[in-house]
Amino acid sequence: MIKYKFREQTLCLLPEKAIFWKEKRLLIIADLHLGKAGHFRKSGIPVSDLIHSMDILVLDKLINTHNPLEVIFLGDLFHSDHNQGWEVFKRWLRSRPELPFKLILGNHDVLASTDYKIGNLECLMSLDLPPFNFTHIPEECSLYNMAGHIHPAIKLRGKARQNLRVPCFYFGAEGGILPAFGKFTGTARINIAEGDDVFVIAEKEVIKIA
Numbered sequence: 230m231i232k233y234k235f236r237e238q239t240l241c242l243l244p245e246k247a248i249f250w251k252e253k254r255l256l257i258i259a260d261l262h263l264g265k266a267g268h269f270r271k272s273g274i275p276v277s278d279l280i281h282s283m284d285i286l287v288l289d290k291l292i293n294t295h296n297p298l299e300v301i302f303l304g305d306l307f308h309s310d311h312n313q314g315w316e317v318f319k320r321w322l323r324s325r326p327e328l329p330f331k332l333i334l335g336n337h338d339v340l341a342s343t344d345y346k347i348g349n350l351e352c353l354m355s356l357d358l359p360p361f362n363f364t365h366i367p368e369e370c371s372l373y374n375m376a377g378h379i380h381p382a383i384k385l386r387g388k389a390r391q392n393l394r395v396p397c398f399y400f401g402a403e404g405g406i407l408p409a410f411g412k413f414t415g416t417a418r419i420n421i422a423e424g425d426d427v428f429v430i431a432e433k434e435v436i437k438i439a
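In terms of this note's numbering, the sequence shown opens at residue 230 and continues consecutively.
I should point out that these hints are in silico values taken from the structure, not numbers from a laboratory. None of these values were measured; they are calculated from a predicted model. Idealized CB from N, CA, C, for every residue including glycine. Be aware that a few hints might be false.
As the list claims (entries may be wrong) - Here are the simulated DSS-like pairs of lysine-lysine, each with C-alpha atoms no more than 25 Å apart in a straight line:
(1) K232 with K331
(2) K437 with K384
(3) K232 with K412
(4) K384 with K251
(5) K253 with K232
Claimed, not checked - Ranges between beta-carbon positions, derived for each pair:
(6) K290 with K253: 19 to 27 Å
(7) T343 with E403: 35 to 43 Å
(8) R418 with N293: 31 to 39 Å
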């Protein structure tokens with residue numbers, strides 16, 4: 230974990246690819262893409278739901294460790310159409326009735342509105358918590374925008390001269406991008422400009438490289 234002092238706030242960048250905002254006691258997560266395994270199976274590609282169970286287990290441990298007042302999902306909580314993966318997640322959500330969750334709706338959050346009607350889950354298009362504005366897709370805003378969607382990564386060169394693409398936290402002049410929390414997600418290489426702060430997640434560590 231790295232404690233990143235930014236805009237007079239303390240953002241704890243976690244190797245599990247989440248942020249704990251210390252002053253507000255908020256756990257912030259982007260792009261779980263739960264149910265993606267079931268979506269692939271519908272297309273005839275055998276993928277086990279176990280990978281999503283592992284994501285929920287990691288999320289559960291983060292909540293137990295950091296004891297947040299609230300959890301914010303920056304979109305793409307669920308990958309596609311309704312399947313058994315959503316029912317599993319709903320049961321888990323209801324097992325924590327004392328904890329409020331906010332979902333900033335993403336482009337993959339296309340379930341029927343009735344599916345999101347869970348007592349401790351609130352759905353929004355964006356959320357302002359100064360000095361930050363939270364969305365799924367990066368947007369221009371008077372506040373500093375924090376988003377997901379991109380699944381940011383950078384390319385590193387390994388000891389054996391192999392190229393490795395590793396997920397990262399990115400903080401640019403106008404906005405920040407969180408890595409995808411879900412294990413069953415891809416990455417997209419981002420360009421880094423002078424003055425950007427970039428933290429990679431490698432071997433369960435968070436390392437500042439720019």
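Hint check results:
1. K232 with K331: Holds - the C-alpha atoms of K331 and K232 are around 23 Å apart, at most 25 Å.
2. K437 with K384: Given pair K437, K384 holds - Cα atoms ~14 Å apart, limit 25 Å.
3. K232 with K412: This hinted pair holds, its Cα atoms lying about 23 Å apart.
4. K384 with K251: Not OK: K384 and K251 at ~30 Å, beyond 25 Å, violated.
5. K253 with K232: Holds - the C-alpha atoms of K232 and K253 are around 14 Å apart, at most 25 Å.
6. K290 with K253: 19 to 27 Å: Once the Cβ atoms are compared, 20 Å apart, the range 19 to 27 Å for K253 and K290 holds.
7. T343 with E403: 35 to 43 Å: Holds: the Cβ-Cβ distance is about 36 Å, inside 35 to 43 Å.
8. R418 with N293: 31 to 39 Å: With a Cβ separation near 34 Å, R418 and N293 satisfy 31 to 39 Å, so the hint holds.
Going through the hint list in order, the structure does not satisfy hint 4, though it satisfies all others.
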